[in-house]
Amino acid sequence: MFEPGGQRQQRPELQLEEILRGIGSGINTVLQRLGGGGVKLIILGLIGLASIVWLGSGVYQVGPREQAALQLFGEFQNTEGPGLKWYFPPPVGKRTIVDVGVNRNMELGFATTTTGATTDQSAEALMITGDLNIVNVQMVVQYRIADLEKFLFRVDDPGEVLRGIERGNPEGRTLKDATEAALRQVVGQRSIDDTLVTGREQVQADTRTLLQEILGDYQTGIEILNVALQTVRPPDEVRAAFDDVVNARVDKESRINEAKAFEQDRLPRAQGDAQQTIQSAEAFKAEQIARSTGEADRFMSVLKEYQKSKEVTRQRLYLEAMEDILPGITKFILAEGNEGNLLQFLPLTGEDGATR
Amino acid sequence: MMKFVGLGLGVILLLAAMAQAVGFGLLYAVDETEFTVITQFGEVKRAETTPGLKFKSPIETIVRFDKRLLRIDVPSAGMPDKDSQFLEIDAYIRYKIKSPELFLQNLRDESTAGLRIGNLAISAIRDEVGSRDRRDIIGGEPITLADGTIIVNPRQTEENVPTREAMMQKVLSDLRERVESNEFGVDITDVRIKRADFPSATENSVFDRMRSERDVQAQRLRAEGAEQYLTITADVDRQVRIIKADAERDANILRGEGEAGAISILAEALAQDPEFFAFRRSLEAYGTFLDEGTTLVLSTNSELFRYLEGPNAQTAQTE
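These protein sequence lines are chains A and B, in that order.
Using our numbering, the first residue of the first sequence is number 1, and each one after it goes up by one.
Using our numbering, the first residue of the second sequence is number 1, and each one after it goes up by one.
Any given hint could turn out to be false.
As the list claims (entries may be wrong) - Pairs of lysine-lysine, PhoX-like flavour, derived with a Cα cap of 25 Å:
#1 B:K45 / B:K98
#2 B:K82 / B:K45
#3 A:K85 / A:K150
#4 A:K150 / B:K244
#5 B:K170 / B:K244
#6 B:K82 / A:K150
#7 B:K82 / A:K260
#8 B:K170 / B:K45
#9 B:K170 / B:K98
Worth flagging that the hints you see were computed from the coordinates, not collected in a lab.
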C-alpha cells in the first residue's frame, strides 16, 4: 500500500511481515491474559465491527463535473472521475473533490456583489498607457481548472476574501497578480485611443497569451478560456475632455455632411437651370428658323402668283391694303391743284370736325 | 470470506500499530505540499523532500515547510527613474524553497523570508528603475504622426524583447544573485512588476496634460470639419458658376444661330424679287403705323381716286 520510494535513503528499512507478526503475537498475548473464548470473541467482533464502519466511511461520490484528488498519507496518488468510489478514509487517505467542469470568472477593475450591483475597484482598473495617459479598464477573465494536481499542490496563495477564495487556492492572488501584470504590460505598449477603441481585440488576445504564459510558469493548472474587456474608459476626471473629442468628431462629420448636402442640392439645380437656359435658346433658334422659313415660303408662294400677272395683283394688293388701313383714320382729300392750300385747312378742324 | 475478514483485521491491526507509532512520535505523514526538516536538540539532522509516511526517532522534532510556489507581496513604493521622475511600483515575487535546511538556518520562516527577500527585491527593482526612463518601464514608444495623432509601438530592446520584460528579467537575475549569496535556500521563480502608476501627487498634473491633449485634438477635428466644409462648398460654387456660364454661352450661340438662320432663309427668298418685297412690306407697314389717330391728306390726283370723278378717267390716266 505504501511502497517506499527509491529516493528515501534516510528512512529505516521497513519489514512489513515482521511487524504484522509482532503485532499479531502481541494481541494474542493480551487476549490470552484476558482469558476465555467468549470474551475473546466479543473483543474480536467489536474490532471487526469498528473496522467495517471505518472502511465503510471510505465510500464517496464524485459528481458529473467533479474530480477527486486522492492522497495517501499526504502523498498525491491519482485523480478520480465521476461515480461512486471508495478510498481510504482519514487519517490514512485524503480526498479533495473539486468541480473542474465549471468555467469560472474573475473580475478585474470591478466587483459584482451578491445583489448584482457592481462596484468599481479603481486601484486595479486605472493604468498607464504607452502614451502616458491613464485609462480605466474593466475586464473579465474566464478560466477553468485544467490540471487538478497542479491546481491543488503546486502553488500557495494568500486567497482573496473579497471573491470568497480560500488560502492556498491559486485562483486568488496568483491569478489576479498575473492578470494585472499581463494587462498592464499589454496596455503599456499601446496608445490610449488604441485601448479605448480600435485595439480592444488585440489587447484581449495579447493579455490572454501573456497571462497563460505566466500561469503556466507558475504551474497553477489553470487554463485561460477567455479574456474579455468590459468597460474601457478614460478616468472620470478627464471624461469631459474625451467626450468633447467624440463630439468634435461628430461635429466634423456633420459639417462634411452639410457640405455634401449643399453639393447635392446645388449641383442638380444648377444643371437644371443650365438645361432650361439652353432649351429656351434652342426653342428660340427653332422658332426663328421656323418663322423665317414660313415667311420665306409665304413670300415665295405669293411671288409665284404675282409673277403670273404682276400689274393686276399689284393693284389688288394695294387697294386691299388701303381698304384695311383707311377706314379708321382722318383723311383730307384735296382736289387736284389745291395741294398748296393745305395749311389753311388744318387749324380749323379738330379731331372731331373732320370732313369725311 | 474468512480471508477477507482476516485481511481487514490485519489492516486494522496495522493501522492501530501505526497510530501507536505516531503516538510515540515514530511515524508521521508529509503532505504533497510540504517539506519537513528533522532536528534533534536544535540541530538539523535531515530533510524529507517527498510526501508520504516517514519514520523518525521519538527525540527528533519536525519542522514543516511549504513546498509550493510561494508569494511575497513587495510593498508598493515610489521610485525615481533615470530622469528623476517618480513612479509608484507595485511588484510581487514568486519563489520556492529549494533547500529546507538552508531556509531553516538562514530565514527560519516564511514571514521572515517575505521581509528579507522583499527588501532585496525592492533594492533590485529600485536599481533597475533608476537606470531606465519612464517609457522603458511602461513599455510604449509613442510616435507623433504628421497629422498630429499619436500612435504607440511596443518598446523593445535590440533583441526584440519588450523593455518591461527585459527589465523584469534583469531584476530577476539580480535578485537571484543576491538570494544566492545570502544562502537563503530558495529559488526565485519570478519577479513581476504588477503596477507602475503615477504617484497620486502627480496625478492631477497628468490629468491636466490629458485634458489639454484632448482639447487640441477636439479643436483640430473641428477645424478639419470647417476646412472640409469650405473646400466642398467652394468647389460646388465654382462648379455652379461654370455650369451657368457654359449654359449661357451655349444659349447665346444657339440664339445667334437662330437669328442668322432666319436672316439667311428670308434673305434668300426675298432676294428673288426685292421690289415686290419692298411693295408688300410697305403695305404691311402702313397698316401697322397708320392708326386711328393719324390724319392723312390725300390728293384726288392719287391713284386711289382715279375713278372718283368718272368711270372713264381710267383711259385718261393710263399711259
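Compare the distance between the alpha carbons of K82 (chain B) and K260 (chain A) with 25 Å, and conclude whether the hinted pair is satisfied. Since the Cα atoms of K82 (chain B) and K260 (chain A) sit roughly 53 Å apart, the hinted pair is violated (cutoff 25 Å).
K170 (chain B) and K244 (chain B): Cα distance at most 25 Å? Roughly 75 Å between the alpha carbons, so the hint for K170 (chain B) and K244 (chain B) is violated.
Is it true that the CA of K82 (chain B) sits at most 25 Å from the CA of K150 (chain A)? violated (41 Å)
Given the hinted pair K150 (chain A) and K244 (chain B), is their alpha-carbon gap at most 25 Å? Judged against 25 Å, a Cα distance of about 83 Å means the pair is violated.
For K170 (chain B) and K45 (chain B), compute the direct alpha-carbon distance and say whether it is at most 25 Å. violated (37 Å)
Distance restraint between K45 (chain B) and K98 (chain B), which requires alpha-carbon spacing of 25 Å or less: Since the Cα atoms of K45 (chain B) and K98 (chain B) sit roughly 17 Å apart, the hinted pair holds (cutoff 25 Å).
Proposed proximity, K98 (chain B) with K170 (chain B) (alpha carbon, max 25 Å): holds (21 Å)
Holds or violated: are the alpha carbons of K85 (chain A) and K150 (chain A) at most 25 Å from each other? Holds, at roughly 22 Å.
Decide if the proposed pair is consistent with the structure: K82 (chain B) and K45 (chain B), CA atoms, cutoff 25 Å inclusive. Outside the cut-off at roughly 49 Å; violated.
The structure fails hints 2, 4, 5, 6, 7 and 8 (numbered hints given earlier, in ascending order).
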